[in-house]
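There are 2 protein chains.
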Amino acid sequence: MKLYDMQMAPNPRRVRVFLAEKSIDVELVAVDIAKREHKADDYIANINRMGQVPTLELDDGSHISESMAICRYFEEVQPDPPLFGHDAKEKAAVEMWSRRAEQNVLLGVAAAFRHTSDFFKGLEDQVPAWGELNQAKLPERFAWLDAALANREYLAGDNYSVADITAMIGVDFARVVGMKVSDEWPNLARWHASVASRPSAKA
Amino acid sequence: MKLYDMQMAPNPRRVRVFLAEKSIDVELVAVDIAKREHKADDYIANINRMGQVPTLELDDGSHISESMAICRYFEEVQPDPPLFGHDAKEKAAVEMWSRRAEQNVLLGVAAAFRHTSDFFKGLEDQVPAWGELNQAKLPERFAWLDAALANREYLAGDNYSVADITAMIGVDFARVVGMKVSDEWPNLARWHASVASRPSAKA
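As given, the protein sequences belong to chains A and B, one line each in that order. Each residue of the first sequence is one higher than the one before, starting from 1 at the first, in my numbering. Each residue of the second sequence is one higher than the one before, starting from 1 at the first, in my numbering.
Hints in this document: simulated from the structure, not taken from any laboratory. Everything hinted at is true.
Using 30 Å as the maximum straight-line C-alpha spacing, the simulated DSSO-like pairs for lysine-lysine come out as follows: (1) B:Lys22 with A:Lys91; (2) B:Lys89 with A:Lys2; (3) B:Lys121 with A:Lys137; (4) B:Lys91 with A:Lys22; (5) B:Lys35 with B:Lys202; (6) A:Lys39 with B:Lys137; (7) A:Lys202 with B:Lys91; (8) A:Lys137 with B:Lys137; (9) A:Lys137 with B:Lys39; (10) B:Lys121 with B:Lys180; (11) B:Lys91 with B:Lys202; (12) B:Lys22 with B:Lys89; (13) A:Lys91 with B:Lys91; (14) B:Lys89 with A:Lys39; (15) A:Lys2 with A:Lys39; (16) A:Lys180 with A:Lys22; (17) B:Lys39 with A:Lys91; (18) B:Lys202 with A:Lys89; (19) A:Lys2 with A:Lys91; (20) B:Lys202 with B:Lys180; (21) B:Lys202 with A:Lys91; (22) B:Lys89 with A:Lys91; (23) A:Lys39 with B:Lys91; (24) B:Lys89 with A:Lys202; (25) B:Lys2 with B:Lys202; (26) A:Lys22 with A:Lys91; (27) A:Lys91 with B:Lys2; (28) B:Lys89 with A:Lys22; (29) A:Lys89 with B:Lys91; (30) A:Lys2 with B:Lys91; (31) A:Lys89 with B:Lys89; (32) A:Lys121 with B:Lys137; (33) B:Lys137 with A:Lys35; (34) B:Lys22 with A:Lys89.
Working from the sequences, and respecting the hints, build out all of it.
Here it is in structure tokens:
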């Protein structure tokens, strides 16, 4: 089994943190985004037709893409510790908060970055006004996260889950567009210090 | 238990089709988007702080939002028939194809519609250039779906799943921006005729 990985990008980090929480070791294969290795003919033909990282290669030669699909695979083959929730209600809460963290924070930051950064000029279709709208909304999204964390330890409730992984990585990624956690959002700051101090956060 | 619903919108339909496939009856409460009932003080204060539909109200008074979180809840309380996959590998495939159908089709159509339609003028922050880019990409997204369906019956493999529900609803919703399934995409047309003929599609 191998995981096609990219050290600097937020989505592969979601999988690495998830695996660290489960104490699962998987061989990592570094894909160099600056060299466009994820768009190379061989990668497109044999590993991921959409040119995405991360992609998991199973021992039977088949591939799973999409960070949350890869995490879901490992949750099924090694349920302990559960990171997608313990019972029906908690599983629904984890799914709900994972999606909100993804839509409101991680994808918001990604849109702000990709549609305005020179790095993506000529590589992607940029709509600067879309990037600027997403950038302008980031403070209210941090405030939303702060309110969500006011009365509980973790995003989906009492237990650390994949929703915390996505939210932490979205918040950390926001540094690329100049947003940082601060005391302006005390619940967010308390939660971020907690999740960032877990050994898995360094994965 | 009650489901706050909106007949015309695509996301609530995902939950209704899912429930029909499981033969689960839930009381529906119609929320009128034209009257802005989903943004009314009472709805925001007591049902969904983000003003979203669908929202499921459990008998203990708690709420679950996000279509896929609601579906996940029902998958857990009534696993049969499984709509999120049977084993680890199929569960990962369903998650992967669900997300791709959502990102590439359903959210693409929604962006094309919401950022250009007069209906949302003044109600949402519109970026017409973003809507137009998404609109321009729809033919390649239908072609992508067509290619994905070339060698298999359903989107995630041999079994009908929640990925088919999301893809069907994304394709159906594309009518609002002038896109229709046609023989230009024969695999897509064959698959669409199949999923649209299931009794659940009318839910």
